[in-house]
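Engineer: Sequence:
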Amino acid sequence: MSHEIRTPLNGLLGITGLLFKTPLSTKQHELLSIIGDSGESLLNIVNDILDYSKIDAGKMELDPVAMNFASEMEKIVNVFSGMANQKSLKINLEIKKSVPRTIILDKDKLAQIFFNIIGNAVKFSKKGGQIDITISGEFILLKT
1 MSHEIRTPLN GLLGITGLLF KTPLSTKQHE LLSIIGDSGE SLLNIVNDIL DYSKIDAGKM
61 ELDPVAMNFA SEMEKIVNVF SGMANQKSLK INLEIKKSVP RTIILDKDKL AQIFFNIIGN
121 AVKFSKKGGQ IDITISGEFI LLKT
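In terms of the UniProt record's numbering, the sequence shown opens at residue 1 and continues consecutively.
Some hints could be false.
[Unchecked claim] The following label-pair restraints were derived from C-beta to C-beta distances:
hint, residue 1, residue 2, range
1, Pro64, Thr26, 34 to 44 Å
2, Thr144, Ser53, 24 to 34 Å
3, Leu142, Ile34, 22 to 32 Å
[To be verified] In silico DSSO-like links for lysine-lysine, alpha-carbon gap of 30 Å or less:
hint, residue 1, residue 2
4, Lys59, Lys126
5, Lys123, Lys87
6, Lys59, Lys27
7, Lys27, Lys97
8, Lys59, Lys97
9, Lys107, Lys27
10, Lys143, Lys75
11, Lys127, Lys75
12, Lys90, Lys123
13, Lys127, Lys90
14, Lys143, Lys123
15, Lys107, Lys75
16, Lys59, Lys90
17, Lys96, Lys21
18, Lys59, Lys143
19, Lys126, Lys143
20, Lys96, Lys59
21, Lys109, Lys127
FYI, nobody ran anything at the bench for these hints, they're computed from the structure.
Backbone N, C-alpha and C define an ideal beta-carbon position, used for all residues, glycine too.
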């Protein structure tokens with residue numbers, strides 16, 4: 001069932017991305033940003049619902065990969081730049097030096113978690129405000 005839901009949404013988002021590469025007026029660019037942000041938001045909601053059903057069925061699987069954490073977080077924050085600009089919000093991202101450059105985790109789940117957190121922050125922040133995201137870490141060695 002997930003394929004039937006995700007495919008049309010991904011198609012819309014893909015077309016939106018292609019349209020961004022064409023000459024657009026300022027207003028068209030603004031409206032296309034809204035379409036893209038809304039589509040991403042809807043896709044995230046669909047993914048959340050599908051993941052809840054996987055968790056409930058005990059079938060959630062993770063796909064851990066090594067990634068540049070700061071780079072991934074910047075990409076995630078950039079997804080919300082259009083929505084934030086519409087509300088004159090500033091999003092600040094600070095990643096403390098205690099966070100390793102490379103981290104192994106599930107990239108999609110990381111995005112899903114922060115899409116929910118940042119999406120809610122943008123949605124519920126007052127116009128002209130500021131959203132500060134600070135990420136710190138501590139290395140813990142587990143002995144087995």
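Engineer: Between Lys126 and Lys143, does the CA-CA distance stay at or below 30 Å?
Structural biologist: violated (46 Å)
Engineer: Would you check the hint for Lys59 and Lys27, treating anything up to 30 Å between C-alpha atoms as holding?
Structural biologist: Status violated; Cα separation ~44 Å.
Engineer: Regarding the pair Lys107 and Lys75, is the alpha-carbon distance no greater than 30 Å?
Structural biologist: holds (11 Å)
Engineer: Does the alpha-carbon distance linking Lys123 and Lys87 stay inside the 30 Å limit?
Structural biologist: OK: Lys123 and Lys87 at ~9 Å, within 30 Å.
Engineer: Are the Cα positions of Lys59 and Lys143 separated by 30 Å at most?
Structural biologist: holds (27 Å)
Engineer: Would the hint linking Lys90 and Lys123 be met if the CA-CA limit is 30 Å?
Structural biologist: The hint holds at about 13 Å.
Engineer: Compare the distance between the alpha carbons of Lys59 and Lys97 with 30 Å, and conclude whether the hinted pair is satisfied.
Structural biologist: violated (35 Å)
Engineer: For a C-alpha distance cap of 30 Å, please report whether Lys143 and Lys123 respect it.
Structural biologist: violated (42 Å)
Engineer: Lys27 and Lys97: Cα distance at most 30 Å?
Structural biologist: violated (40 Å)
Engineer: Would the hint linking Lys96 and Lys21 be met if the CA-CA limit is 30 Å?
Structural biologist: Given pair Lys96, Lys21 is violated - Cα atoms ~35 Å apart, limit 30 Å.
Engineer: Given the hint of 24 to 34 Å, check if Thr144 and Ser53 actually sit that far apart at their C-beta atoms.
Structural biologist: Given a distance of about 32 Å, which is inside 24 to 34 Å, the answer is holds.
Engineer: Between Lys107 and Lys27, does the CA-CA distance stay at or below 30 Å?
Structural biologist: With a Cα-Cα distance of about 33 Å, the restraint between Lys107 and Lys27 is violated, given a limit of 30 Å.
Hint compliance for this structure: hints 3, 4, 6, 7, 8, 9, 10, 14, 16, 17, 19 and 20 are not met, and every other hint is.
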